[in-house]
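Peer 1: If you're matching them up, the sequences are chains A, B and C in order. Quick note on numbering: this note's numbering labels position 309 of the first sequence as 309, and the sequence is numbered without any gaps. Quick note on numbering: this note's numbering labels position 107 of the second sequence as 1107, and the sequence is numbered without any gaps. Quick note on numbering: this note's numbering labels position 53 of the third sequence as 2053, and the sequence is numbered without any gaps.
Calculated directly from the structure, the hints in this document are not laboratory data. Please read all numbers here as calculations on a predicted model, not as lab measurements. Note that beta-carbon positions come from the ideal geometry of N, C-alpha and C, so glycine has one too. Check before you lean on any hint, since a few could be wrong.
[As the list claims (entries may be wrong)] Only pairs whose alpha carbons sit at most 20 angstroms apart, straight line, appear in this in silico SDA-like list of lysine to any residue: (1) C:Lys2212 / C:Asn2232; (2) C:Lys2037 / C:Glu2055; (3) A:Lys22 / C:Arg2136; (4) B:Lys1453 / C:Lys2125; (5) A:Lys26 / B:Ala1260; (6) B:Lys1352 / C:Tyr2100; (7) B:Lys1453 / A:Gly296; (8) C:Lys2125 / B:Val1450; (9) A:Lys26 / C:Asn2097; (10) A:Lys26 / C:Asp2103; (11) A:Lys447 / B:Arg1265; (12) A:Lys447 / B:Trp1263; (13) B:Lys1453 / A:Ala326; (14) B:Lys1194 / A:Gly296; (15) B:Lys1339 / B:Ala1260; (16) C:Lys2119 / B:Pro1338; (17) B:Lys1339 / C:Lys2125; (18) A:Lys264 / B:Arg1455; (19) C:Lys2125 / B:Gln1336; (20) C:Lys2125 / B:Trp1263; (21) A:Lys26 / C:Leu2108; (22) A:Lys264 / B:Lys1352; (23) A:Lys264 / B:Ala1171; (24) C:Lys2165 / C:Glu2146; (25) A:Lys18 / C:Arg2142; (26) A:Lys22 / C:Glu2152; (27) B:Lys1352 / C:Asp2103; (28) B:Lys1352 / C:Lys2165; (29) B:Lys1352 / A:Thr268.
[Unchecked claim] Covered stretches of chain A, as calculated for chain B (at least 3 residues, CB under 8 angstroms): (30) 48-55; (31) 288-299; (32) 418-427.
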Amino acid sequence: MSISIEQRRQHRLMTIEKSLAKRHRKENAFRRMGLLAVVTGMTLVAILFVSILMRGVPAFWQATFYTDVYFDPEVIQLEPKPERERGESQFDFNERYSQWLTRAGLVNWQTLIDNALEEALGEEVEPRQLRDLRALVTSGERYALRDRFIEDPSLLGQTVELKMLASANVDVWLKGNISRDLPDARQQLSAQTRGWADQLEEQGVIRNAFSTSLFLNTDSRSSLASAGLAGAFMGSLFMMIVVIALSVPLGVSSAIYLEEFAPKNRLTDLIEININNLAAVPSIVFGLLGASIFIGYLRLPLSAPLVGGLVLTLMTLPTIIIATRASLRSIPPSIRQAALGIGASRVQTVFHHVLPLALPGILTGSILGVAQALGETAPLLLIGMNAFVANVPGTPLEQSTALPVQIYLWQGNELRNFFEARTSAAIIVLLGLMLSLNALAIWLRKKFETRW
Amino acid sequence: MSNLALIATLLVMMALAYHLGLTRSRAVAAEHDVRMHSRPGYYGVLVALWCGLPALAIFLLWSFLAPQLIDMLVTQQLPADLVAGLSDRELQTVLRRVTALADGRGVAGGGSPEELDAAAHMARLQTIENFSLVALMAVLVVVGLIVARRRISPNWRARNQVERVIMVALAASSAVAIFTTIGIVLSMLGEALKFFSFISPVEFFFGTTWNPRFSTSGSSNQGEFGLLPLLWGTMMVSIIALLVAIPVGLMTAIYMAEYAPPWLRNVAKPVIEILAGIPTIVYGFFALIVVGPFLSSLGDLIGINIRTTSALTAGLVMGIMIIPFVSSLSDDIITQVPKSLRDGALGLGATKSETIRQVVLPAALPGIVGAFLLAASRAIGETMIVVLAAGNNPVLHANPFEAVSTITVTIVNQLTGDMDFASPQSLVAFALGLTLFVITLGLNVIALVVVRKYRQQYE
Amino acid sequence: MNIPAQPMATSSVSVGSGESRVSKAKDKVKMNAQGVKVFYGDAQAINGIDLDIYENEVLAFIGPSGCGKSTFLRCLNRMNDTIDICRVEGKITLDDNDIYAADRDVVLLRAQVGIVFQKPNPFPKSIYENIAYGPRLHGLARRKAELDDIVESSLRRAGLWDEVKDRLDKPGTGLSGGQQQRLCIARTVAVSPDVILMDEPCSALDPIATAKVEQLIDELSESYTIVMVTHNMQQAARVADRTAFFHMGDLVEVDSTDQIFTNPQDQRTHDYITGRFG
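Next comes chain A alone, as it looks inside the complex:
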């Protein structure tokens, strides 16, 4: 009997052992599959980041002319900038000044640039080649010269070394973003201009300089090389201010009510389901809401950061409510009981004891919500924020665009080989902002993480 049991035992062990190799193979295959998934995911993301960085980083530097510009009195035939005379009324002065400004605008500033370029090239340029010459420097620079002169009329007759942005096509050519082997017909610049550009680069007149225009200028349609993010940045900033000012207080109070005070009944259940569902509603639906209610019904202005901020607020609200509730829920009931036990009212308990403890979690959730709002594009397209805006908005009611929308607009620009890089650079800026916000949130959470 005992032997037979022993034999059966042995037989059983043999059976198990036989299948073991196969089972371990399966185990390893499964584990490798998991690792493969992680590696795949990480690789894809790495490709995303690398390809955007590779395209975008060079765009932070731009082909720039370093030339002497002579403010030629022959060209600038303009009386001195008017000063307000004694006895002259403010109105008369303004009139006189604006007339002067108009005349200043009529000066052919381009000639100054032409002359400076001729000087740098060391050759006379025939009038029929003027077009080729003017293709070198981006068209916005003549207005920059004008503004510079208006600012400081004493420049008249002086020679100043100036930085001027090369045109987008020259930048593309010099960076090698267009093939040099393409026939003339398919090049964006004439052979003459390309030759000049090469020559000037060799002379050191054109250098690759850090592009401040990317940050300081607004979008531009005529002078592509000087298109910048300043307008979009201000638009996004205004929207974020609206979002923070509205969604954080509203979201936090709403979460406090639902978590701490609301009676547990069907209505509360409904609100809860409703909020969870709102968090998963596609963002574009919020855009439709904004278009219909804010624009169509309330007649708020199109393209205004205020409206964008309102739409994004509604979109962010559920995120903040959910995060705040989770944070409040993680505060153990013993804290509340302790406060109630010494005679605090429920409101006092929540505001004096629970809320301060939940603050890090609330902060983290709010930052993540705002970061999400910062990157949102689709709803903004529906409330007109994809309009071309050439000014930096001064108030949340002025027309404006936003960083992600600017990316959308730039990626659609026809001058692909210039704007691909510029768009990537804008993405880097946006991602930089978002990642800093995210990092801040993660850091806050790590710093204040409490285990109860």
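Given the coordinates of chain A, work out where chains B and C should sit on it, guided by the hints.
Peer 2: Same frame as chain A, now just chains B and C:
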């Protein structure tokens, strides 16, 4: 007085009221030599509320009603021959011009004499309105202040009243979420109904041709608005996305939850969280400049014609976008399966993968299904990737290598540019939005209920 | 041998039957531990334990909570491997084979040394599937009929067959706590291990369910070696042949249950069983 200055003044008055209430309550306490019901601060706050809230309410009501009232009065004032025969929209335009004139912004080409008259009238009305508002608010502030201050007595339950106000404010903020949903439903329903007055719902929901033909509103030729090509495109892109995201996301979650050493978890979790926050426009751009050309040349290599912008491109990149979402949701759900179940299987001699496949995953199945549904709802509602990478080709076909169009893309196309809420070409965006909302709502609600049930099971 | 639970519960220790089993058990050492130390990170939970476990005996571990008895139990089939920060030193053998040896397959080990946990943890599957899970894993049944036999005999051994035979396809989680625990025991038995470890198997059960499980342990001890952790001294006295007393990571004393409860050698054991601390 500008609104900003008005509000600032009101705040200053409230601060003053707070101070008055505070000192008054202290004085009352000293005078009667008793303990007040509440701490002095509560009396201060209560007086400030009495002082500020009614004025604030009037202010809000006024800012909402007064412009409409003025518009009405000005419209009545307009000469009959000017107004006659104007449509509602044209009347709005006239009013906008008048408003611009009255504000001093002026209009292009200057206003007509009638318009200038109306503008002057409007400016007068605005001045009157402004003065009466300020006066009314001032009265309310002063009355509120005096009444509240006189009511301060040891028995006045200031704290309870302040807390009641706080509670009302808190409850009101949680109503915002409800109103948002109601707003979404009503606005979309309203505009969609307008759309259905042009195009019958049958034509819309069962039509197989999408060709809206941007015609001027009112023209008889309205184009065809068949939803099916768009719905099909949406499905195709979403299915491709889920085919990418679900295996990779789920396996990532399993690896992270069960196999990864703690240090890797600590690094990978925040990274995944950050990835989930990358704006979709970035993924869209990535699809357009990297993935599309890559797939296209890959197709050339193996002899398939793959468009640069196609259902495949958009779906693939959308899948990449959803991976972190699927993985972090699944991770949460897998780690919620109690350790005792794992121990039970391991204790019987199951290998780790057997434990995961045969015990953990079946136990987590409802939660994981919920996560998949949420991912699907996200894929269906995703906009920017498809706008950039799907190619906008609203035709019914089953070739993933061809361009498609989706509901979201079409909403953007139909509603960007001119805000004209009268033509079916723009209104269709709301009908599409309503369809999208209903689909995602259905998925979300099922998913949320499933996940909630699942959570309760292991709580 | 079918000892009714009731008399055992009333009489403090059934000396006669206990002795008879001790003599039987002394035959052969099934498992052996030498200098076993366990660390959780930097904290040492077990300070070096030497212990023999004899074939077909019921050995109970008692001691105050946190004394390391569960930790040690989990070393015997390497369940501690699932805790990242846990580290085991020393040597444990099963039939003279080192179970912590590098080439030792932990899957095979756990098929030989099964474990039943404190809280019943049936899988969220049907009753049938719960029992069939182990045999399926290890390929112990080639045909459906064979599997059916294993399921039935395991449920019978666990005294659960009559209660559940009509609802084998119902989820195991729908059973009562006591039934769930017996289901878990049946699940373990279905793999026919040599040794069954039980980690406070009755602590989550009511007295009637406890009595049933105790009776089951007694029956199982005929063909299995059983090592159980209990915080309930009466339970140890009722079912164990030998009892080991743990205290603060040390194995203070191990002897026949009778000896431990009537004539402990160590002062700490004496204090614990007389209720000075616990």
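Peer 1: Each of the hints needs a verdict: does it hold here or not?
Peer 2: We went through each hint and held it up to the structure:
1. Of the supplied pair hints, the one linking Lys2212 of chain C and Asn2232 of chain C holds, its CA atoms being roughly 16 angstroms apart against a limit of 20 angstroms.
2. Among the hinted pairs, Lys2037 of chain C with Glu2055 of chain C is inconsistent with the structure: their alpha-carbon atoms are about 24 angstroms apart, more than 20 angstroms.
3. Between the alpha carbons of Lys22 of chain A and Arg2136 of chain C the distance comes to roughly 14 angstroms, so the proposed pair stays at or under 20 angstroms and holds.
4. Restraint check: the Cα-Cα separation between Lys1453 of chain B and Lys2125 of chain C comes to about 17 angstroms, which is no more than 20 angstroms; the hinted pair holds.
5. Distance check on the hinted pair: Lys26 of chain A and Ala1260 of chain B sit about 18 angstroms apart at the alpha-carbon level, within 20 angstroms; holds.
6. Straight-line distance between C-alpha atoms of Lys1352 of chain B and Tyr2100 of chain C comes to about 18 angstroms, which keeps the hinted pair within the 20 angstroms bound.
7. Proximity of Lys1453 of chain B to Gly296 of chain A is assessed by CA-CA distance (about 41 angstroms); at most 20 angstroms being required, the pair is judged violated.
8. The straight-line distance between the Cα atoms of Lys2125 of chain C and Val1450 of chain B is roughly 18 angstroms, inside the 20 angstroms bound, and the hint therefore holds.
9. Only pairs whose Cα atoms come within 20 angstroms are accepted, and Lys26 of chain A paired with Asn2097 of chain C is rejected, the gap being roughly 26 angstroms.
10. Pair hint Lys26 of chain A plus Asp2103 of chain C holds up; C-alpha atoms about 18 angstroms apart against a cutoff of 20 angstroms.
11. About 18 angstroms separates the Cα atoms of Lys447 of chain A and Arg1265 of chain B, which keeps this hinted pair within 20 angstroms; it holds.
12. At roughly 18 angstroms between alpha-carbon atoms, Lys447 of chain A and Trp1263 of chain B fall within 20 angstroms of each other, so this suggested pair holds.
13. For the hint linking Lys1453 of chain B to Ala326 of chain A, the alpha-carbon distance of about 18 angstroms falls within 20 angstroms, and the restraint holds.
14. About 14 angstroms separates the Cα atoms of Lys1194 of chain B and Gly296 of chain A, which keeps this hinted pair within 20 angstroms; it holds.
15. The hinted pair formed by Lys1339 of chain B and Ala1260 of chain B meets the criterion: a straight-line CA distance of about 16 angstroms does not exceed 20 angstroms.
16. With a CA separation close to 11 angstroms, the supplied pair Lys2119 of chain C and Pro1338 of chain B stays within the 20 angstroms bound.
17. Simply put, Lys1339 of chain B and Lys2125 of chain C have alpha-carbon atoms about 16 angstroms apart, close enough for the 20 angstroms limit, and the pair holds.
18. Proposed proximity of Lys264 of chain A and Arg1455 of chain B is supported: the alpha carbons are some 19 angstroms apart, at most 20 angstroms.
19. Between Lys2125 of chain C and Gln1336 of chain B, the direct Cα distance comes to roughly 18 angstroms. Compliance with the 20 angstroms bound is thereby established for this hinted pair.
20. A C-alpha spacing of about 34 angstroms is found between Lys2125 of chain C and Trp1263 of chain B, which places the hinted pair above 20 angstroms, so the restraint is violated.
21. Restraint check for Lys26 of chain A and Leu2108 of chain C: the C-alpha separation of about 16 angstroms stays at or below 20 angstroms, so the hint holds.
22. Proximity of Lys264 of chain A to Lys1352 of chain B is assessed by CA-CA distance (about 42 angstroms); at most 20 angstroms being required, the pair is judged violated.
23. Simply put, Lys264 of chain A and Ala1171 of chain B have alpha-carbon atoms about 14 angstroms apart, close enough for the 20 angstroms limit, and the pair holds.
24. Straight-line distance between C-alpha atoms of Lys2165 of chain C and Glu2146 of chain C comes to about 17 angstroms, which keeps the hinted pair within the 20 angstroms bound.
25. Proximity of Lys18 of chain A to Arg2142 of chain C is assessed by CA-CA distance (about 14 angstroms); at most 20 angstroms being required, the pair is judged to hold.
26. Pair hint Lys22 of chain A plus Glu2152 of chain C does not hold up; C-alpha atoms about 28 angstroms apart against a cutoff of 20 angstroms.
27. Taking the CA atoms of Lys1352 of chain B and Asp2103 of chain C, the gap is about 18 angstroms. The hint holds against a cut of 20 angstroms.
28. Restraint check: the Cα-Cα separation between Lys1352 of chain B and Lys2165 of chain C comes to about 31 angstroms, which exceeds 20 angstroms; the hinted pair is violated.
29. For the given pair, Lys1352 of chain B sits about 42 angstroms from Thr268 of chain A by alpha-carbon distance, which is inconsistent with the 20 angstroms threshold.
30. For the stretch 48-55 of chain A, the stated coverage by chain B holds: 4 residues have a C-beta nearer than 8 angstroms to a C-beta of that chain, and at least 3 were required.
31. Residues of the stretch 288-299 of chain A lying with their CB closer than 8 angstroms to a CB of chain B number 8, which satisfies the three-residue condition for coverage.
32. Taking a C-beta to C-beta cut-off of 8 angstroms, the stretch 418-427 of chain A contributes 4 residues in contact with chain B, enough for the three needed, and the coverage statement holds.
The structure shown violates the earlier hints numbered 2, 7, 9, 20, 22, 26, 28 and 29.
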